[in-house]
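With the UniProt record's numbering as the guide, the letters of the sequence shown map in order to residues 1 to 148.
Certain hints may be false.
The calculated lysine to aspartate or glutamate pairs, modelled on DMTMM-like cross-linking and capped at a C-alpha distance of 25 Å, are [what the hints assert, rightly or not]: (1) K36 with D74; (2) K25 with D74; (3) K130 with D120; (4) K39 with D74; (5) K25 with D5; (6) K39 with D29; (7) K82 with E13; (8) K89 with D113.
Quick list of simulated restraints, FRET-style, between CB atoms [stated by the list, open to error]: (9) L80 with D113: 23 to 33 Å; (10) M2 with M90: 35 to 45 Å; (11) L99 with K6: 42 to 52 Å; (12) F30 with M2: 39 to 49 Å; (13) K16 with E52: 41 to 51 Å; (14) W64 with K16: 33 to 43 Å; (15) I133 with H108: 31 to 41 Å; (16) K16 with V37: 18 to 28 Å; (17) R43 with P94: 39 to 49 Å.
FYI, nobody ran anything at the bench for these hints, they're computed from the structure. Every residue, glycine too, gets a C-beta built ideally from N, C-alpha and C.
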Amino acid sequence: MMITDKERLEADEYEKQYYGFSSTKFYIDFCFQYEKVLKNTIRATEAGFMDEGIPYDAEMISLWAQNLYITFMDIAKVPLLKLQEESRKMFSIPRNVLLEADQYKVKHYTDTDLLQLKLDVEKLEDDLIKIRITPIATNRCSFQDVDV
Numbered sequence: 001m002m003i004t005d006k007e008r009l010e011a012d013e014y015e016k017q018y019y020g021f022s023s024t025k026f027y028i029d030f031c032f033q034y035e036k037v038l039k040n041t042i043r044a045t046e047a048g049f050m051d052e053g054i055p056y057d058a059e060m061i062s063l064w065a066q067n068l069y070i071t072f073m074d075i076a077k078v079p080l081l082k083l084q085e086e087s088r089k090m091f092s093i094p095r096n097v098l099l100e101a102d103q104y105k106v107k108h109y110t111d112t113d114l115l116q117l118k119l120d121v122e123k124l125e126d127d128l129i130k131i132r133i134t135p136i137a138t139n140r141c142s143f144q145d146v147d148v
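Please put together the full structure from these sequences, using the hints given.
Right under this line is the structure:
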């Protein structure tokens, strides 16, 4: 299922309200950290050549470092896309979760509404009892084996 940009922005906003960050930000930050570690590792390797006093061609090492960087970024594409997919699943907020910002959208019930609901429930309970007792009293049918 493809998600539109608008839906992604709405989902990100919903995640930010709930977690304090979004799955998109998590993914972007993770990719940034991966790239940063990769660059630092390559730089450290280049510096290692200099520290060891090994004769080397600076242009060749620079080309090697660029190729290594490109290779590792290409290798990481599939796992990073999988991370994006999994992080979106993991951090998605179900639509039935009511966030603080959505409180104003909720219909507020009065005491009269709640009292009426309570009376309706009591009436339904009475009707159920009558339905269960009437067939037993008239021997038309027995619900003794029925678990309620």
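Hint check results:
Taking the CA atoms of K36 and D74, the gap is near 15 Å; set against the 25 Å cutoff, the hint holds. For the given pair, K25 sits about 21 Å from D74 by alpha-carbon distance, which is consistent with the 25 Å threshold. The suggested pairing of K130 with D120 holds, with an alpha-carbon distance near 15 Å, which does not exceed 25 Å. Taken as a hint, the K39 and D74 pair is honoured in the structure, with Cα atoms around 14 Å apart against an allowance of 25 Å.
At roughly 15 Å between alpha-carbon atoms, K25 and D5 fall within 25 Å of each other, so this suggested pair holds. The hinted pair formed by K39 and D29 meets the criterion: a straight-line CA distance of about 15 Å does not exceed 25 Å. For the hint linking K82 to E13, the alpha-carbon distance of about 22 Å falls within 25 Å, and the restraint holds. Restraint check for K89 and D113: the C-alpha separation of about 38 Å exceeds 25 Å, so the hint is violated.
Between L80 and D113 the CB atoms are about 51 Å apart, so this pair departs from the stated range of 23 to 33 Å. Separated by about 19 Å at the C-beta atoms, M2 and M90 break the suggested range of 35 to 45 Å. A hinted range of 42 to 52 Å is violated for the C-beta pair L99 and K6, which are about 19 Å apart. The hinted range of 39 to 49 Å is not satisfied by F30 and M2, whose Cβ atoms lie roughly 22 Å apart.
Separation of K16 from E52 is about 48 Å and conforms to the stated range, judged on CB atoms against 41 to 51 Å. Separation of W64 from K16 is about 42 Å and conforms to the stated range, judged on CB atoms against 33 to 43 Å. I133 and H108 have their C-beta atoms about 39 Å apart, which keeps the hinted 31 to 41 Å range intact. For K16 and V37, the hinted distance range of 18 to 28 Å is satisfied, since their beta carbons lie about 26 Å from each other.
A beta carbon spacing of about 44 Å between R43 and P94 agrees with the range 39 to 49 Å that was offered as a hint.
Checked against the numbered hints above, the structure breaks hints 8, 9, 10, 11 and 12 and satisfies the rest.
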